[in-house]
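Undergrad: Spelled out from the first residue to the last, the chains are:
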Amino acid sequence: MRSYLLHRLWQSAVTLVLATIVVFLGVRALPGDPALAFAGEERDPASLAAIRERLGLNDSLVVQYGKFVLGALRGDLGTSTRTGIPVSTMIGTGLPVTIELSLLALLVAIVLGVTTGVVAAVRRGRPAEWFANALALLGLSVPNFWLGLIAILYLAVGLGLFPASGFVPFGEDPVANLHHLVLPALVLGTGIAAIVMRQTRSAMLESLGADYIRTARAKGASPRAVIGRHALRNSLVVVVTVVGLQLGILISGAVVTERIFGLPGFGKMTIDAVFQRDYPVIQGVVLVTAAAYILINFLVDVAYSLIDPRIRVAGGQS
Amino acid sequence: MGLSLIARRIRGRGAAALAIALAAAVAVGCAPVQQAAGPAAAPATDSFGTPADPAAVQQGGTLVMALSAEPDMLDPTQSRSLYSRYVFQTMCEKLYDLDQNTRIVPQLATALPTISPDGLTVTIPLREGVRFADGTPMDAQAVVTTFQRNLTMAGSGRKSELGPITSVEAQGASSVVLHLSAPFAPLTSALADRAGMIMSPAALQQLGDKFGTAPVCVGPFKFEKRVAQNSIDVVRDPNYYDAAKVHLDRITYRIITDASIRAANLQSGDAQVADTLSTQDVPALRTAAGIQVLQSNSLGYQGITFNVGNVSGLGNPVGDVGTPLSRDPRVRRAFELAVDRQGLVQAVFGGLYTPTCSPISPDTEFTSDAAQACPPHDPAAARALLQEAGVPVPYKITMIATNTPDVLRLAQALQATVADGGFDLQIQPVEYSALLDQQDRGDFEMLQLGWSGRIDPDNNITNYLSTDGGQNVAGYSDAALDALLTRARTSTDQAERVRLYGEAVTAIHAADPIVYLYRIRNFTGVTAKVSGVQVFPDGVVRLAFAGLTR
Numbered sequence: 000m001r002s003y004l005l006h007r008l009w010q011s012a013v014t015l016v017l018a019t020i021v022v023f024l025g026v027r028a029l030p031g032d033p034a035l036a037f038a039g040e041e042r043d044p045a046s047l048a049a050i051r052e053r054l055g056l057n058d059s060l061v062v063q064y065g066k067f068v069l070g071a072l073r074g075d076l077g078t079s080t081r082t083g084i085p086v087s088t089m090i091g092t093g094l095p096v097t098i099e100l101s102l103l104a105l106l107v108a109i110v111l112g113v114t115t116g117v118v119a120a121v122r123r124g125r126p127a128e129w130f131a132n133a134l135a136l137l138g139l140s141v142p143n144f145w146l147g148l149i150a151i152l153y154l155a156v157g158l159g160l161f162p163a164s165g166f167v168p169f170g171e172d173p174v175a176n177l178h179h180l181v182l183p184a185l186v187l188g189t190g191i192a193a194i195v196m197r198q199t200r201s202a203m204l205e206s207l208g209a210d211y212i213r214t215a216r217a218k219g220a221s222p223r224a225v226i227g228r229h230a231l232r233n234s235l236v237v238v239v240t241v242v243g244l245q246l247g248i249l250i251s252g253a254v255v256t257e258r259i260f261g262l263p264g265f266g267k268m269t270i271d272a273v274f275q276r277d278y279p280v281i282q283g284v285v286l287v288t289a290a291a292y293i294l295i296n297f298l299v300d301v302a303y304s305l306i307d308p309r310i311r312v313a314g315g316q317s
Numbered sequence: 000m001g002l003s004l005i006a007r008r009i010r011g012r013g014a015a016a017l018a019i020a021l022a023a024a025v026a027v028g029c030a031p032v033q034q035a036a037g038p039a040a041a042p043a044t045d046s047f048g049t050p051a052d053p054a055a056v057q058q059g060g061t062l063v064m065a066l067s068a069e070p071d072m073l074d075p076t077q078s079r080s081l082y083s084r085y086v087f088q089t090m091c092e093k094l095y096d097l098d099q100n101t102r103i104v105p106q107l108a109t110a111l112p113t114i115s116p117d118g119l120t121v122t123i124p125l126r127e128g129v130r131f132a133d134g135t136p137m138d139a140q141a142v143v144t145t146f147q148r149n150l151t152m153a154g155s156g157r158k159s160e161l162g163p164i165t166s167v168e169a170q171g172a173s174s175v176v177l178h179l180s181a182p183f184a185p186l187t188s189a190l191a192d193r194a195g196m197i198m199s200p201a202a203l204q205q206l207g208d209k210f211g212t213a214p215v216c217v218g219p220f221k222f223e224k225r226v227a228q229n230s231i232d233v234v235r236d237p238n239y240y241d242a243a244k245v246h247l248d249r250i251t252y253r254i255i256t257d258a259s260i261r262a263a264n265l266q267s268g269d270a271q272v273a274d275t276l277s278t279q280d281v282p283a284l285r286t287a288a289g290i291q292v293l294q295s296n297s298l299g300y301q302g303i304t305f306n307v308g309n310v311s312g313l314g315n316p317v318g319d320v321g322t323p324l325s326r327d328p329r330v331r332r333a334f335e336l337a338v339d340r341q342g343l344v345q346a347v348f349g350g351l352y353t354p355t356c357s358p359i360s361p362d363t364e365f366t367s368d369a370a371q372a373c374p375p376h377d378p379a380a381a382r383a384l385l386q387e388a389g390v391p392v393p394y395k396i397t398m399i400a401t402n403t404p405d406v407l408r409l410a411q412a413l414q415a416t417v418a419d420g421g422f423d424l425q426i427q428p429v430e431y432s433a434l435l436d437q438q439d440r441g442d443f444e445m446l447q448l449g450w451s452g453r454i455d456p457d458n459n460i461t462n463y464l465s466t467d468g469g470q471n472v473a474g475y476s477d478a479a480l481d482a483l484l485t486r487a488r489t490s491t492d493q494a495e496r497v498r499l500y501g502e503a504v505t506a507i508h509a510a511d512p513i514v515y516l517y518r519i520r521n522f523t524g525v526t527a528k529v530s531g532v533q534v535f536p537d538g539v540v541r542l543a544f545a546g547l548t549r
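Protein chains in written order, with numbering that gives the first Met the number 0: chain S, 0 to 317; chain B, 0 to 549.
Bound conformation, chain B alone (with noise of 0.2 Å):
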């Protein structure tokens, strides 16, 4: 395999910079900003994987994927992880899924929705013959019961992803009708993630809320045991209406939290996929012999949430915060100019992230020239603006960023850049649960934090930055905005959707309540033992149909 990834850094850069740098990781301390010398980034091309060629795979063996960290419960209603959605790819197939240009294609279901011309009525026709992992038929009353569990349980995170449907119905044994009170065009989206995830009813009976511990779906693997902390074991399952394709006999997916740790076991052999590689290892795994790095962009962005009304809380009215930054657009303004976003992912990231201005990705159907404009990096442009609003220059800002030493790095490399345009910007680290409480109380003037993101441009922007968001911590409101999305929402027409989320990210500009600074690149290992694993940009790793080559 020749030289290995730690070995190059260490060589590279001296023992001593490595024992430092993990001191800093363990301490969580400062970190130097600018990204560690290696191999130079390529450009940032796409590469999705392809899927296995039956003849050059063996039937049979066990994979094992490095994950980056736990799922949380493996029940598709109460799931909220990131991570549970990779899991779920191999055993709990949805009613639609994503292919490798982020268009929604049927899964479970056998055609796209057929929608009425209200946009009321929405008709989903599903796979017949289809069964469970335990043997029970996957028919449209399994999709009601999925359904109205999503809809009614206690805790349920696919409540307000699914809208204002009031009623679901079986029509016939193969074809679901849902009732909705006003039209709602992300719901198609939301069918391509857990909310189109089909349960048992018998399991559902059985397990009630616990359904998470031995979850029962249709998919090309089953659940077998879960070991906290540790491992997730899925198993073939021969009930799957499309068995054939199916290669491998079991997927253990290892839970690895440390990223070096996790490209180590690629390099080893003890994994043979690992997710979300760091920036620093991925030059030299690049490289390295036996191992393809799959790479993506997210759909989500990372950025920097202002307060401008969180007063009392999220879910309270908003109100005045009282400081220039919250008050004066021009200052936020004035710091979105003093950003400069290509040195910032050059600096911390080796170029290999996505500068963005948008809280729309550039991968989907909904992008345009409007939702991707950018304002430049202008410094004397931001001083002219700071003294135009009558701040004093320096103008003293205070960020909280979780302290973790990737975002230690970031927002050291944010500090910098923005001195230039008359900020003097302070950093906060606090621990990522401590850093939500804070925000949704409204403790805050500024802070770092992103957005794994979703295709519908919805649930990327109506939740953060309408009045009545569900995760509107800036507190911010603007009615015009709050128009604008509810007519994107409401709009069944792509071309005037579009449209729409084009103008809004133009008014989001306006004021700057957010400022978006990045986009991460799903980066994901591959050795040169398994074919056929495929990572689109929604960043979920597709195993299912992987193989062991020959």
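Next up, chain S with everything else stripped away, as it sits in the complex (with noise of 0.2 Å):
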């Protein structure tokens, strides 16, 4: 077990290193010149050299690398070229709410997709089928930016029922906190609340023909029992792999929904920087998110092995 896991400490560690090398040239490989991004209009060829100097771009590709190692590795991740304040201190923002939108929107998700599943599945052949499948398909062809335009038109600006923009953090204001994330959270569920629902409607179809399901109505179970203790519990298996599978369409539509709603995110605060070339903010989230990966790769890796001693051997092996 200990030559596993210094084997895929080892891996991790490359990984790591190897993702750092590759944010690092692939940033400095965009066209376009940080100090000019950050000169703007007003720019001379006397500011612009002494701006290069300050953010360090006249050091070679192999000290400035090194600089960015030894920060990181001390936990400073520089200052944005852009705005002077310190990347930790804008991760350190950033990142819950970016985490605790997806995660609302992951339950938003959930509920939706697997009410609305278990619905058209029990309900086959009947309106309520083709109104779920109805809702699926739309929820799969809108797009995010959309949607949360039209959220923004009738909920927020024509009812009044949420605010059409803004952030309040949890630790200041929950209520509020809560009553600015609820419409990006159902934009950004939706979308994976159709593809929940399609699989849950399958899975479920599939559980109510099985012989279990059989058996359980042949003794005397309640309609209720069935669908949920016995048909929906097994059709879960595969709706949570698809939530998992979902994670990336996640993050990526947070980006979307995080500029619609001027919710400022992670995935804004990536996009922005790369807009504005600002090369400590760039490398700072790519380092984060790269070594959040690793992290839980590796965790899964050992969880994988401690269930399985098989994979920790073959691991030991390679």
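If you are wondering where the hints come from, they were derived from the structure by calculation, not from laboratory data.
Since we're looking at a predicted model, the values are computed, not measured.
No residue lacks a Cβ here, since even glycine has one placed at the ideal position from N, Cα and C.
Where hints are given, some of them may not hold.
Unchecked claim - Using C-beta positions, here's what the derived DEER-type ranges look like: (1) S:F169 <-> B:A243: 52 to 60 Å; (2) S:L158 <-> B:D419: 48 to 56 Å; (3) B:R102 <-> S:N176: 42 to 50 Å; (4) S:F169 <-> B:Q493: 52 to 60 Å; (5) S:A28 <-> B:V104: 48 to 56 Å; (6) S:G74 <-> B:G134: 33 to 41 Å; (7) B:A509 <-> S:E40: 19 to 27 Å; (8) S:R73 <-> B:S166: 38 to 46 Å; (9) S:G159 <-> B:R498: 23 to 31 Å.
Please assemble the complex out of the two chains, which come individually in their own frames, going by the hints.
TA: Here you go:
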């Protein structure tokens, strides 16, 4: 077990280093100069040279990379070239917003998707199923930004039920925080809810046709118990897998949703940093993201190895 | 409130049309050239807003402004974005300010500067008894400290604006003397912008180059907090010398980059003020109950820059680009004649922007008939000139432009309008940062970009078209124009400066290194819940003395 852990730890460290190199070189391969992006319309050769010097852009790539790595090891990811705010502070405020939005969207997706999926399966061939299918089709077809604008138009501007944009930290005012996140979470969760609904419906239909359901019915179980306790529970395995696979969509959708609703999240921060050629911010967010992915993968692998010793053996031998 | 803005759009044109328009906005693809149908645009009349009536506003409360872009560093020395000036307006007063007629008026100074007959000594009298937000005194020594920082800090955005200042000295506690190596007429206007914002020496000592993270100046409000990409909060400063004029407790600048979302926030009441409204939203907002649209001409321009000599990058000697467009002024002149400015602003901006042929705003005291002279739209003459120049007609040219929907619509309209004049315009959309890079390297034939503008014409012309100009991306070099611009910037006689800048514009039209197209108008939405918001031609939204209506 120890050799397996060491092996995976080594692999993770190498992956992280490679990720930092790829990101470091990748942002520098982008067309456009950070000094120019910072100076904008107010620039002249002398001040551009001073800005390049201040940003360390005149150093060799090796020196710049070395400074980045040494800083990161000390927990210093640098400061935004545009705003002068420390990158770690920006990540510290942006990441919780995106995580909260994603979790709420996932909740919306699961509640909406599973409910309509079950209804569609149980009411197969009836108007309820057509309605649920139509909803799913709509959810899959309508892009986030469109749904976001419509939600702002009717629910925020028209009915005044929710704020049109903005964000209040949970610690400051939990009620206002949720009030601001309801619309973005609905918008972000709807697309995933459609996928969850279709998978739930298929899995439920398969379960409802299985022998054990017939047996449960023959034993006199109530329809609610048959659907809830037997069919749905067995279908949820598929649903959970599908939800897991949607995490990527969730994160990319969060970028668009954050922009529409003006949420100060991780995604919006990344996009803005790329457009502004804000190297320290891009490097910082990608480093944190890569580290999080690698850490999660590492923990999952460790968990697998605990569950199934064959993985541990194979891993140790490879 | 009646039908909302977006609902009108949807009902007016159909959801499918809006979906397509939105898709275009996101994908940065092609968009229709014509301005969307809607209520007819009202004539462009200025509406700057009025000061708050103290009897009609409450004391206290929070005002939320939807800000169209994120300000950069909140450091007057290092800042380079217009949007920082919006925030500075409430917390960093300047030696001088502009009034609604774009005249320079004293703010932290008590009078306009006294300039010695040789133009080499400038004396500025200061207000007395003024304190910074940290309680320390704002005196002549503090002004000297600010000037020295602006003049010496690496990467200072103010150094070039301050011109040939050689030294700064305090004369007692309430007067500052600037010594120059040559007369520099644009200095006073520079002091009415960020170069004139006085920073607390104590805060500078403490924060150094991180001053922008917690700026301390003199202002009706003081900095409280900033959440990156999201918001900036300022709160009332009890130390302010004219505190009785301040009504609000707090102003929150909330960054909302999408124009439609800003308009929606205005309508929903989540924001009481929104800047830079889209010309597509303005007609409907003007007729919406409870919303007032303030408007003023901008000091800047949008135009076309030709590469006439930028062969090895900005800051390097100019050379021969080797194209008919760069070598022969007749080809550029033909382009200017082929452009239908009125048609462009009508098609793309619903007639809400103002066609222009000049880098000098007609709203400033530097304007003249010569400065506003405009070649007529004459496609037949354009074709004739191209034939005279011996180039194949249609003449193919490639223009780089930023890949935003508005600019692409403009580029397509331009493409259509110059076709009649014998030009086959190819559009090459690029992202803004990449465009800046390409233009500085000289890797372009022509490009579309603008300048936000300043009141002094020197800032609008010299940087861009003098041989040694810091932003002479055209690579233009004309000794006669250089001499005119030098005389104009060193003259202390206003009438002479007006005449010289008129001559400079005539010289520019003779060679057309830049073809000026139009001026945007500053459209700012204000709800009826707030009073006292003002916007002058410098585009800065003035919120400091506004209040929530009773």
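Undergrad: Taking the hints in turn, state whether each one holds.
TA: Each hint tested on the structure:
Judged by the Cβ atoms, the range 52 to 60 Å given for S:F169 and B:A243 is violated: they are separated by roughly 39 Å. Separation of S:L158 from B:D419 is about 50 Å and conforms to the stated range, judged on CB atoms against 48 to 56 Å. Remark: the range hint 42 to 50 Å for B:R102 to S:N176 is upheld by a beta-carbon distance near 47 Å. S:F169 and B:Q493 have their C-beta atoms about 58 Å apart, which keeps the hinted 52 to 60 Å range intact.
Between S:A28 and B:V104 the C-beta distance comes to about 50 Å, which sits within the given range of 48 to 56 Å. The hinted window of 33 to 41 Å between S:G74 and B:G134 holds, with their beta carbons roughly 34 Å apart. Distance hint check for B:A509 and S:E40: the Cβ-Cβ separation is about 26 Å, which falls inside the suggested range of 19 to 27 Å. The given range of 38 to 46 Å is respected by S:R73 and B:S166, whose C-beta atoms sit roughly 42 Å from each other.
The beta-carbon spacing between S:G159 and B:R498, approximately 58 Å, falls outside the hinted interval of 23 to 31 Å.
Violation of the numbered hints given earlier is confined to hints 1, 9; the remaining hints are satisfied by the structure.
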